[in-house]
Structures are given as structure tokens and as C-alpha cells.
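A.B. asks: Chain by chain, the residues run as shown.
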Amino acid sequence: MSPADRSNALVQGTLDMLILKTLALEPMHGYGIGARLTQISRGVFQVNAGSLFPAFRRLERDGLIKAEWRGTENNRRAKYYALTPRGRAALKAHTDAWETQVGAITRILKATPGEL
Amino acid sequence: MRIVNRVLDVLRGRGRGQGAADLDEELDAFFAASVEAKMAAGATRAAAERQARIEIGSRAAVRDWVADVGVGARVAALWSDVRFSARVLRRAPAFLVVAVVTLALGTGANAAIFQLLDAVRFQTLPVEQPGELVSIAVDRHGKPRVGMGFRRGIHTVSLWEALRTESQAFASLLAWGTDTWDLSATGAFQPAQGLYVSGGYFDALGVRPYAGRLLTAADDHWGCGNPGVVLSHAAWQTRYGADPRVVGRTITLNRRPFEVVGVAPPEFFGVEVGRSFDAAVPLCAEPLIRGARTATRRKDAWWLDVMGRLKPGWTAEQASAHLAVISPGVFDATLPATYDAEAAANYRGSTLTATPAATGVSTLRTQYATHLWLLFGGTALVLLITCANLANLMLARASARGREVALRLAIGASRGCVLGQMLVESLMIAGAGVAAGLVLANWLSRTLVLLLTPEGGRIVLDLQSDWRLFAFGSALAVGACVLFGLSPALRASGTNPGQALQPGGRSGTESREALGLRRALVVSQIAISLVLVVAALLFARSLRNLTAVDLGFQPGVVAATIDLNRTAVPPDARLPLLEQIVERVRAVPGVRHAAETFLVPLGGSEWNGRIALRGTVQDGVVYFNSVGADYFTVLNTPVLSGRAFGPSDAVETPKVAVVNEAFAKRYLRGGDPVGQSFEMDGGNPRPSFEVVGVVRDTKYLDVREGALPIAYVSIAQDPRVPPLVAILVQSDTPLAALAPTVTAAISGAAPGVSVSYSTIDGSVRALVRTDRVMTLLTMFFGLLAVLIAVVGLYGVMSYMVTRRRAEIGIRMALGADQRTVRRMMLRESGLLLLLGATLGLLLAAAGARYAEGLLYGVTPWDPASFALAAGVLGSVGLLAAWVPARRASRLDPTIAMRD
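Keeping their order, the protein sequence lines are chains A and B. Mapping of the first sequence onto our numbering: residues 875 to 990, in sequence order. Mapping of the second sequence onto our numbering: residues 34 to 932, in sequence order.
Worth flagging that the hints you see were computed from the coordinates, not collected in a lab.
Listed below are the simulated DSS-like cross-link pairs for lysine-lysine, each with C-alpha atoms no more than 27 Å apart in a straight line:
no. : chain 1 : residue 1 : chain 2 : residue 2
1   : A       : Lys940    : A       : Lys953
2   : B       : Lys71     : A       : Lys895
3   : A       : Lys953    : B       : Lys71
4   : B       : Lys332    : B       : Lys176
5   : B       : Lys688    : B       : Lys698
6   : A       : Lys953    : A       : Lys895
Some chain A residues judged to face chain B by a derived CB distance under 10 Å, without partners named:
no. : residue
7   : Gly906
8   : Gly908
9   : Ala909
10  : Gln920
11  : Asn922
12  : Ser925
13  : Phe927
14  : Arg931
15  : Ala941
16  : Trp943
17  : Thr946
18  : Asn948
19  : Arg951
20  : Ala952
21  : Lys953
Ideal Cβ positions, reconstructed from N, Cα and C, are used throughout, including at glycine.
One chain only, chain A, in its complex shape (with noise of 0.2 Å):
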């Protein structure tokens, strides 16, 4: 069970989605990945090692990213990830469900008495 659903407020199976856009825009390093996570979402979403860790070799293991040793830009040795086509596709295809149920939860929540 990974902790993800344990030590923050994402739902479930959504952190797999944000990793394989945030990795969308260009390949990253784990810590990377996290700070980029928590700027866009403006400190909404903090995720924690413990959290990415699990993730990124879920992710690797399914083949939907694939890692690799490179020096940063502060002469740095760090790991980076990068999309595979498998993993553009989940990408494409998690937003696509995602928008729909988002979508549809957003109509629900949003409705009038008239309406119902």
C-alpha cells in the first residue's frame, strides 16, 4: 500500500498523473519533480519522498517513465525521469477520465434545486 493515500489529501492514483505531467513539460530529477508539484499547485500539494519514491518506481516499473543518471545544472549528479510514448498515452488518457469525472462532480456540486 503505497503511503501517498496516507500522508496527503490527494486522491488516490492522482499523484501518478501529476508526476507524468509535470514530466510531460521536460525530464526532471525526483526533487524537482516534488518542488515543481508544490509551486504550481501554489502549496496546495506538498509531497514528500516517501510519497515520490514509491511512485516513480511504480511508474518505471509499468514502463511509463524511464530513469537516468545525469549531472544537474549545479554540477550535480541526480536521476532523471522521463516520459515514454506508453506513459505520454496514460497521460493522455488519465486527464481525459479525469476531466469528465471532474466534469461531472463539479455539474453535481454545482446544481440548483430547480435543477434536481
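Fit chain B to the given chain A structure using the hints.
C.D. replies: The following block gives chain B in isolation, referenced to the frame of chain A:
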């Protein structure tokens, strides 16, 4: 266990593995990047590091969580399932043993028989492009063949030569003949399986030498004299000790020297499945080896087998059509001059045919195909019973474990978890059974080959473990295991655990339909086992008939076959020599009687032809033998009227014959047969024989044959004694002790002669060997099936009693006595038995016709066998049902009702 756990730790990445180091390094990089970011935002290094550490948290925890993602975690979960299942199974050893043993027997027997079938029928030859090979045969359209026939002989030399020049369908043609050679240079007969091969034989098959060279077209030209010999790899290993310098060595074949030119590769056994060869010489060496018996110069000697390799783009059908076109020309050109008008017309009317021969040719195929298919059917039935039994066992277990499953579900196991563990458990049972089956299969198929191998002979088969069939059988068994093994979990997960766990409550896992299913399984088991028992009884009766059959002579006779070819004796001096040999053998201590004969009864050789009465050739074939004066005395064949041969019958006196009852009945009707005469067809003029005596009918070639018309002529009246004759000896001395003294006596008269021994008893045994094997195997299958079925019945009945305890208690409390209860329970089993037996009898009657050709003196619908089978199964079944019925009748009603 500890080792496995450590391995699992490493798999999960908790050890010092590669994955763990990588993760550490990545965490370091993460930490560094985090610190840098915080410092860039204005924090001091110390504060940044502290904050980063807090954010990352426990590294060990991260490692653990990461480990749970990998395959290792699944392996670990599986391992715990395996351990749990092992514990569960260890608690039910009887169940485990029964399940594994039935599985092993079912799959093992099946795979073994299929291995044999496959080796005999389906495997392609280990040669280049076997798919291009066709076997060329002669279709005589049902007409008889005239001349001298050898084992598997299909062509004559002249046919083979005509084929080579006339046919255009083949890229290459090859011919071979078989023979048994004596490998010894001086001493006792050392038989070896010999091949005469055409020069292109090895090239056409694409066989490459293991050592030296193989024979080529250059070796094979008529009058080649003394060419080289090629040894098989096996013969080189066993007979010549794998001598690396064997090439160039000289060996003797029938006392003629031959130089070894090469060794064939290990996988090459020839093209005849079931037979191998020790040595091969070119066709042209045949006259040298066979001597006076040579078939080379006779246009009516059938001793060659021919195969062709199709030209690219040709099919066997096209080749056959082509052969049909050239047939008239070929048969015209090769017509033997000795044929009369009828034989010549038959010969000319024959057609050459080509049939695909990628799997080689085999006499085993025709000989044993029906047997093997029948056995295969038997094993398939055993497999079916096995599956039914497994299903039954699993269902029984399911009902017993309903509460356990409910408990596990109640304390929080997920349905998937329980199902997974049950799956593992079922697969473990299936795996153990299938593994045992594999071992059994190899052992069984080898034993079968041994059982089928004639005494002194060899059947060489490439027995490969057949994965397709074994996979099929295993899949079936595993399927049965898994399907019925999972049922407790499936059922239990559909019920309310709380209800199932209530004391005394039925677990709800054994519903009405489950019991119905178990009853149906028992009925089908009974039915199938009845079929097998019927088969066993039929074969047993057939075998008893065969062994009790009246041969017409006493089988306890030794035959010493001597080959006068190999002595320096000229043909016209053979008769006195033979008489001298018989005299000496008669004088050997322990020998009661001795007589010379051309053919040994049931020895496998025949001499037949037609006879003419008063100038008219008669219908039907008459069997001949040329025998010495004491022949009938040695064999204890009674002379019914007239006399046997005597000293008065000599070369100069008129030719006489002794005939058997069948001959007299068929050809010498009207008046006393003694004194009448007949002519032997074939010679010119036809030799005439006066019948001087009638003897009892005897078996000639086979135990199964009816009374054949036999005419015996006197060997003493034959100026040209055949070179291969046998001395029949009647004695109480065992063969092992007798043989050396008889050999000494024969050698005394004819130094250098080679002698080989056989017994008529042995021939009889060989002739009924397949029947014995069939009886043995069907008995085995039948017994197995009955055992399994009875266990199944017992299981169902025991369960019934447990289930109906309360009811029985009430009945007894209301006044039912023990007898009534017992009868009630027995009625239930009786019904199942009756149903199963009826079904089984119908099945057996439907399947019996497949055994028709294999039975002797008993019809496949033999009522006695059917009745006996039903009786045996019924009584054993009732016995098995009686035990639970008695238990039911001894219940204490007060206790039974309280539960």
C-alpha cells in the same frame, strides 16, 4: 526456510542489493537539491539541512515503501501463501496422498502411452528434409505374390533397377534390405541386425558420417566383391568398445571379412521405426553374405524396400500418378521367367505407389497401432476418472473448510487474498501430482517397450517426453484441481460469515447442487471403471483361450538352427551330413528324440504354394514343410492313419508325403486319403507325391490361425537339402545345459557350422506377448479405476451420513431399527451403483468393437465378461458403502439429535 526469507529480503531490496544502493544515491541527490533550494530561498545551511531531513523523513521507511512496489513484494506474498498451503496440506496427509497419486497415475499413464504412440507413428526421421521422402510400394490389387519373400521385402532387384532408370519424380532413390548376420569370426553365433543398402542410401537421406566415410554409389556395383561396411554408432559403442581406430579394421559378417569404412551418426537408426541396424553393406555384397540363399539374381525374390526423395515441387500424389504411368513398362520388363500365365498376369497388373514417409516405415505401426490406440483410450478414461475423483475430493474438502474460509473472511482477509491462497494450494497439489506423473511416464513407457520386445530381439524407439500431451493432461488435471479447489472460497465469500460460523450451522458451502454434482461424479466414475474392467476381463479371457489353445504338438521342444552355408560342404553332400548330425544329436545324453526339419513350427518362416490334383491346379494355399523321419515323434503329433516317414523313404524311392487332417478334408475327399496323390505346383514337370499318412492338425505360423492345410515331404527324398535347417530336440534337460552338448555333437560332424537355439515354447510366448501385455495393462487400468471409483463412492456416502445425522437420529428415536437405517443408506449407494453400472455397460458395448480384432475365442460383447464386471464392481461398491451405512445405523439417537 531462513535462506528463502533472506532471498526474499534481497528481492524486496532490503538487503545490500543494487537497487538499494541506487535508491540511497538518489535520496542523497534529493537531499542535496532540497538543501540547495532552501539555501537559495535564504535559509542558512544548517536550517536548510534540518528542514530537508524533516521533509524526507525516515529513509528506512522510504526504502520499505519502495520495496513494496517491486515484484519482490509479490513473491513474498506468494511465498507466505505457499507456506500456509503447505501447513494446511500437511494437516491432511490422506487427502494429499490420494490426490497426488491419482493425478500421477492419470497423467503419467496417459503420457507414457502417448510417448509410445508418438515414437511409433508421428515422429519424423532424423534425416535431411524428411517431408520429401516417400515410400514406394507395389499395389497388387489383392492378388497373391509369387516367389521368395523376405522380411518387409517389397521389391526385387530387377524392380529396383527398373525404378531407377524409369522414374522421373524423384531427386534420388534409395533401397535397403534387412538380414541377421553372424558377427563371430569362429565361435558361437553372434546375431547382428544387418542392412543391405543401395549406394545412394546415405547421400539420399543426407546423413553425414560420424567417423570415416559412409557408403556411396561408387561402392555399390554388381560384382563389387568385398566392399566396405559402415557401423551404426550404437554398434560401434557396444560391440567395438568405441574403438577410435575402428575405421580400417576388418570385421567378419557371416564369416566373410569386411573392412570398416565409417561410423554412422548416433541419431541415425535407418528409416524403419522400431528397428535399428548394427552394420550396413552395399546391396552388391548380398550374394557374398547370403551365399547360396542369395536373392540378388532371382527376379522373384522380394527383399528390398524402396524410398524416394521427391523432386522440388512434386507431391506424393503426383509421384504416385507418375509411378502408375510407368508401372506397366516396369512390370513387363521385370517379369520373372518362371511365372505361369496366372502369376504373370497378376504381376503385370500391379501398380507402383508412393506414400509420404516423413515418419519412416514401420512394421510396429501395423502390428501395434490398434493396441496402442486402445491403450491410449484406456488411459484417457483413467485420466477422466482421475479428474472426476479430484473434483470429488476437492468438493469434499470444500464442505469441510467452509467454516475456515468464513473465519478468515470474518477476521478481515479479502476475497482475493483467500482465493489466491486457495489457488496456490490447488496448484501445489496439481504440481506435485504432475511431477510424479512425469517420472512415472518415463518409467512406464520404457517398461512397455521392454514388455513388447520379443525375446532376443530389440525394439529401438526414440522415446521423447511429449510436452504437448503431458501439457494437455496436466492442464486437465490442474483445471480440475483449481476449479473445484477454489469452490470453497467462491461459495464462502458469497455467504454471510456470521451465519456460517454459528455453531451447528451448516456452512452453506455444500448446497444441494454440490451434492448432486458429487453424485454425478461418482456415477461417471463407476461407469468408466466398468468399461475398463470389461476390457480387462475380455483380454484376460482371450489370453486364457490363447494359452489353452491346442497346438497339435508338444511345445517343449528345442530347435537348433544350423547354417550349412558356412561349411565347406557341397550341396549334394548335405543330406548324408545332416543324417550324421541327427545321429550324433540323438546320442547326446538326455536327448530323447531328435529330428531334422526345414521349418520350425511357429518359427515365423513359411513355405507355401499350390497343389494340383490329377493335373488341375487347386484353389487355396497349401503350407509345406520338409521334415525328417522322427519329426512327428519329437513333436508328439499323433499319426491318425497310414504311417510317418521311415528309412524306406530315400532319394531313389517314389516321393511320399504326409498330410494333416485339414489337407485331407479339403483336397482328398472321397475314400481313404492314404494312397491318393497330389502334385506340387511350380516345377516342370510338377513333382508328384503319394500320401502315406495323415497326422493331426497343427499350428504352422501363429497360435491364432485356424487349421491350415499342411503337407509334409520327406527331407531324405530331397537331393538338394536347404542350407538352413533345424534339428528339433526333445529332452528334459534345460536349454542352457543342453545347448553346449548339442553344439559339440553338431560340430563333431560339421566343424565350423554356426548353431543358434530357440524353443517352440518361446515362440508361443512371443506370439501371445502382446495379448499378455494388453491383459496386464487393462487389468492395471481396471483395478486402478475401480479403486478410484470406490474411494469416491465411499467419500460421498460418508458425507451423506454426516449430513443426515440429525435426520437419522430422529428416525431412530421414532422407532427405526438399525436394519432400516442401514438399508436406507445402502439404497442410496445401490442407486448410484446401478446408474453407473448401466451407463458403463452401455459405454462398454459401444466401445467393444474396437477390441474385436485383438481378441481370440471371445466376442467383444461377451455376456459373461460384462456380467462379471458388473458383479465385481457392484459388490466392491456395496462393500464400500456398507461401512458408512453401518456407522449410520450405530448412531446414538440422543447424541445425533443434539448436534
